[in-house]
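Asker: Produce the entire structure from the sequences given, and follow the hints as far as they go.
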Amino acid sequence: MTKKKIAWITDSVSCISPELAEQYGIHIVPLSIIFDNKQYRDGEDLTYDEFYDLLNKSDKSPTTSQPAIGEFVELYTKLKEEYEMGIAIHVTSKVSGTFNTSIMAAEMAEFPMVHIDSKIGAKALEFMMLEGIRLENESKTIDEITNHLNTMASTAKGYAIVGSLEQLNKGGRVSGLGLLLGNLLQIKPILGFDDGSLAPYEKVRTLKKAEKRILELFKESCDSKNVYGVSICHANHIDKANELKKKVLDINSSIQVEIGDLSPVISAHVGEGSFVLFWFEK
231 MTKKKIAWIT DSVSCISPEL AEQYGIHIVP LSIIFDNKQY RDGEDLTYDE
281 FYDLLNKSDK SPTTSQPAIG EFVELYTKLK EEYEMGIAIH VTSKVSGTFN
331 TSIMAAEMAE FPMVHIDSKI GAKALEFMML EGIRLENESK TIDEITNHLN
381 TMASTAKGYA IVGSLEQLNK GGRVSGLGLL LGNLLQIKPI LGFDDGSLAP
431 YEKVRTLKKA EKRILELFKE SCDSKNVYGV SICHANHIDK ANELKKKVLD
481 INSSIQVEIG DLSPVISAHV GEGSFVLFWF EK
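Residues 231 to 512 (our numbering) are what the sequence shown spells out, left to right.
Calculated from the structure, these hints are not laboratory results.
Note that the coordinates shown come from a computational prediction; the quantities given were computed from them, not determined experimentally.
Each residue gets a CB set at the ideal place from its N, CA and C atoms; glycine is no exception.
Computed Cβ-Cβ distance ranges for the label pairs, DEER-style:
(1) ILE481 <-> ARG271: 34 to 40 Å
(2) LEU360 <-> LYS268: 31 to 37 Å
(3) GLN253 <-> ASN377: 23 to 29 Å
(4) SER484 <-> LYS268: 43 to 49 Å
(5) ASN367 <-> LEU437: 38 to 44 Å
Answerer: Structure, rendered in structure tokens:
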């Protein structure tokens, strides 16, 4: 049997739908969410509504875990019978061990692979996957594909507005006093991706000012670079995502802006009502 050339692999933080995965032949390995010692496979065991219902009812913040190495080994052992090699693009290695586990599993399965640390997540990770597949379909070499993807990773931008200080408090990231003061002062933390790390960027008073700030950061990129692959991901806040999309297009009407859900694995940490603006520069 003649083997196909490249198997494309990612994880559930990409938020790639089952329909899109089937259309492009993408293999998705799920992370897990744990509520009260019960484990759920991200994107498989819970609908978004069921997840947010559990999130709001639980007194404690859920925890998350990367895929077990055995799950990767099983997949790669199967794929090496069908494909010459694989390219895996995973959620930033600074927030999950998934990337490193995938590398170890490929070695154990003896499946030739290239691993790309996206340094990002969500729809931005999905966009990188589709870019890689597009280049494969254009008959680009493996080096050309991987060089392009690594360049994308190095220019990825993402800024998140945290929707729920209560969720940060449940997870121990904000103290009780911090929660009280934050709510009284209408503090909206902005988180930013910095070389793959998701870290506090600024604290802004009111949601309106926080939105204005991330739009300013987007405009700064548009003024100095060519911006592409723009997306807005939300944690059960589609109306706000659509509103933000209009404002993004007011800044740059020549781009396409995609909207998508945040993976429950991410929403578990930042809370319902959060949203993220992603883009790439070139």
